[in-house]
Amino acid sequence: MALSAGGSHSCALLADGTARCWGYNYSGQLGDGTTVSSPSPVVVGGATPLTDIVALSAGGYHSCALLADGTARCWGNNWAGQLGDGTTTDSASPVVVGGATPLMDIVALSVGGYHSCALVADGSARCWGANWSGQLGDGTSTSSPLVVGGATPLTDIMALSAGDAHSCALLSDGTARCWGANWYGQLGDGTTTDSASPVVVGGTSPLTDIVALSAGGVHSCALLADGTARCWGNNWYGQLGDGTTTSSPSPVVVGGATPLTDIVALSAGWYHSCALLADGTARCWGDNYSGQLGDGTTTSSPSPVVVGGATPLTDIVALSAGWYHSCALLADGSARCWGANWDGQLGDGTTTSSPSPVVVGGATPLTDIVALSAGWYHSCALLADGTARCWGANWDGQLGDGTTTRSPSPVVVGGATPLTDIVALSTGGEHSCAVLDDGSARCWGDNWAGQLGDGTRMSSPSPVVVGGGDAADGHCGPQRREGLHLRGTGRWQRPLLGRQLGWPAGHWCLWASFHPSASGRAGCATVHCDPAERRRRSYLRAGGRRQCALLGR
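Plus 67 on top of the position in the sequence shown (first one is 1) and you've got our numbering.
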């Protein structure tokens, strides 16, 4: 039903409301009552399974679960009190957040590296754990479950995003608050002073009309309702996009004196960022050492440049920025990539880097693509027939074709026995994962920490079953309407836009129908962006050596 990955472990929520975790377990982060690492999924709660789980979030070395009754349980490392039970004792079994006085009415959880936050039904929030930079937001440096805002609780929160050492909240009035570490100005309040209490993004001139917010490692960005964007924090490589390489503790306009407008989606790579515009073109800015900005040069730019340069790439419906390369999905189902190509990650049949977009598939273009994902040194595409193709580096088998031979041209995932019925696909650093139509998952590539979830720590060049085939109950029952909301985890958050799903420019997704399963916990979501069009969508994303998924809702 859902997957969430932490530092070196992963967890899965099943349709019956129980959970399984796998990977490293030295702090008890698998929650099975032991500290024995496991390359196979183990039951959270061990002999007494934790039940009625409705959401999971895995942090650096601990994990948390939201239960149907509005309480939460956490387990694993607790040196900073990140389990929220009033102690600093590690626990290999789930403990109650709030301890003897359980925290109630929780509606969402966001787990950071060494701290955790909960959004409560009344629109306020609670955070607990490490607080050396004030990332709990209560005005103190005490590491325990605390109200964000302290004596003056922060209310009307719509979404939370926890970064490495700072956190941010999007409020219902379209403003934002951040708290915690502020070395490079990542709180956006006009200072570089750490703050243990929420500060207004924009300081004395609050940033307003925010529709999406993301707390990264040392910078933060916001997409505004008018289609422009603001970023603040570290700017060594021009990644704030304001025309300078000067870090800024206050939000700066992407585009600087000539604001970039009509933005419908953002995608951030390692030291560069890209924006998809409503007219189907794209702009990128930041580091361009390998040509990852796509403007035909290798000159870094702190201002947005046109992908395609003098001959703009058009009809783009989705973007994905990798470490040193970027890829775009076009409306005709073909794809273009640009930037570093040392391992063939551009997919054009060569290993020659290109500062201009090249056709994936080269002389034999890959067609019928419906989704793209760019990893560290490889890329993958989901095709309309439910199969997938990958290209680029393959030393750990991350292309999934049964070999460890790199390929500058797309190869079939599954090789001679193609993997079929794929509904979502994501590339991590050195592994890839796919969600199938039956709710099960397959992963392939690097498996040093058991991140493939197949019961081994052996890398696999062919797709293996996560958990041996445990699948969510995918039977769909009667519809009910569900309002869409913005969701943020760790370093990234992205609004769900019609343009991202391939609908005409200007169509935002306004609502969705959710078809619950018999269990009430699994189901199928139908996203409605244009009255004449309906699509079922599942999502799977992976970052670095970890993977996470959001299925159905």
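These aren't lab readings, by the way, just hints derived from the structure by calculation. Just to be clear, a hint being listed does not mean it is correct.
Derived CB-CB ranges, DEER-like [said to hold, decoys possible]:
{"#": "1", "residue 1": "Thr259", "residue 2": "Ala324", "range": "21 to 27 Å"}
{"#": "2", "residue 1": "Thr258", "residue 2": "Ala114", "range": "37 to 43 Å"}
{"#": "3", "residue 1": "Thr328", "residue 2": "Thr102", "range": "49 to 55 Å"}
{"#": "4", "residue 1": "Thr156", "residue 2": "Asp505", "range": "38 to 44 Å"}
{"#": "5", "residue 1": "Ser272", "residue 2": "Ala135", "range": "39 to 45 Å"}
{"#": "6", "residue 1": "Asp189", "residue 2": "Thr312", "range": "27 to 33 Å"}
C-beta atoms are modelled at their ideal positions from N, C-alpha and C, and glycine is treated no differently.
Looking only at beta-carbon atoms, does the pair threonine 156, aspartate 505 fall within the given range of 38 to 44 Å? At roughly 41 Å between Cβ atoms, aspartate 505 and threonine 156 fall inside 38 to 44 Å, so the hint holds.
Whether the CB-CB distance between threonine 328 and threonine 102 falls inside 49 to 55 Å: Check passed, 53 Å falls within 49 to 55 Å.
Does 21 to 27 Å hold as the CB distance between threonine 259 and alanine 324, or does it fail? 24 Å, holds
Just to be sure I understand the hint, the distance between the Cβ atoms of serine 272 and alanine 135 should be within 39 to 45 Å; is that true here? Given about 42 Å between the Cβ atoms, the range holds.
Outcome for the supplied range 27 to 33 Å, where the beta carbon pair is aspartate 189 and threonine 312: Because 43 Å falls outside the window, the suggested range is violated.
Is it true that the C-beta distance of threonine 258 to alanine 114 lies inside 37 to 43 Å, as the hint says? 51 Å, violated
Of the numbered hints listed earlier, those contradicted by the structure are 2 and 6.
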